[in-house]
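Colleague: One letter stands for each residue in the lines below.
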Amino acid sequence: EAGVTQFPSHSVIEKGQTVTLRCDPISGHDNLYWYRRVMGKEIKFLLHFVKESKQDESGMPNNRFLAERTGGTYSTLKVQPAELEDSGVYFCASSQRPKGDRGGYTFGSGTRLTVV
Amino acid sequence: SQQGEEDPQALSIQEGENATMNCSYKTSINNLQWYRQNSGRGLVHLILIRSNEREKHSGRLRVTLDTSKKSSSLLITASRAADTASYFCATAHTGANSKLTFGKGITLSVRP
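If you read the protein sequences in the order shown, they are chains A and B. Under my numbering, the first residue of the first sequence carries the number 1, and numbering increases by one thereafter. Under my numbering, the first residue of the second sequence carries the number 1001, and numbering increases by one thereafter.
Hints are computed from structural coordinates only; laboratory data are not their basis. Yeah, the Cβ is synthetic: ideal placement off N, Cα and C, and Gly gets one too. Watch out, some of these pointers could steer you wrong.
[Stated by the list, open to error] Across the chosen pairs, the derived CB separations fall in these ranges:
id, chain 1, residue 1, chain 2, residue 2, range
1, A, P61, B, A1010, 37 to 43 Å
2, A, E57, B, R1111, 42 to 48 Å
3, B, N1022, A, G3, 25 to 31 Å
4, B, R1050, A, V116, 40 to 46 Å
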């Protein structure tokens, strides 16, 4: 079974530019999550999709972040315009059941975003 | 304040020794999960323990959960150099939302 795929693996952009991250979850996983780890801090929740619907977006830092999951398959996370404090590693995860109750979440390798 | 807090923050042991890592949390949970992250890679799910369970084993891993103390421990027995990684505990809360709350992680170094 293919895992969770994220791309790009690295992105370096200038402040004010736009970046779009993509996540392909495991086929059949209705639950898709975005998390972020800023340097030296804990991994923080951004949002949760169930199929194409946003179930919980309480972790989205501000309206410069826009996540979509059209058709309930892959998801994109757009940052526009990017700021220096957006730098970090963005993880996507998927799971069969909410709360990872059967086998936990499967995480992608992450996208390392650097805003200069 | 953060939900999951692991200790120690860093642990260095000799190959063959056991490694014990602890995690504390603050609010009621549905389950607690441990993940491993190798340098530059994603998080890999290791083991999940539900709130009504007290101990679980998986290979060389043993996890315990004490809901009265709101704490968990992860024991890796007979450690190997390949166990060198960062380890995170993550809690799924009771209630409607499905997110996991992570701690900052423990860096484990196993010396060959």
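Colleague: Hint by hint, note whether the structure agrees.
Modeller: How the hints compare with the structure:
no. : hint                            : in the structure
1   : A:P61 with B:A1010: 37 to 43 Å  : violated (29 Å)
2   : A:E57 with B:R1111: 42 to 48 Å  : holds (44 Å)
3   : B:N1022 with A:G3: 25 to 31 Å   : holds (29 Å)
4   : B:R1050 with A:V116: 40 to 46 Å : holds (44 Å)
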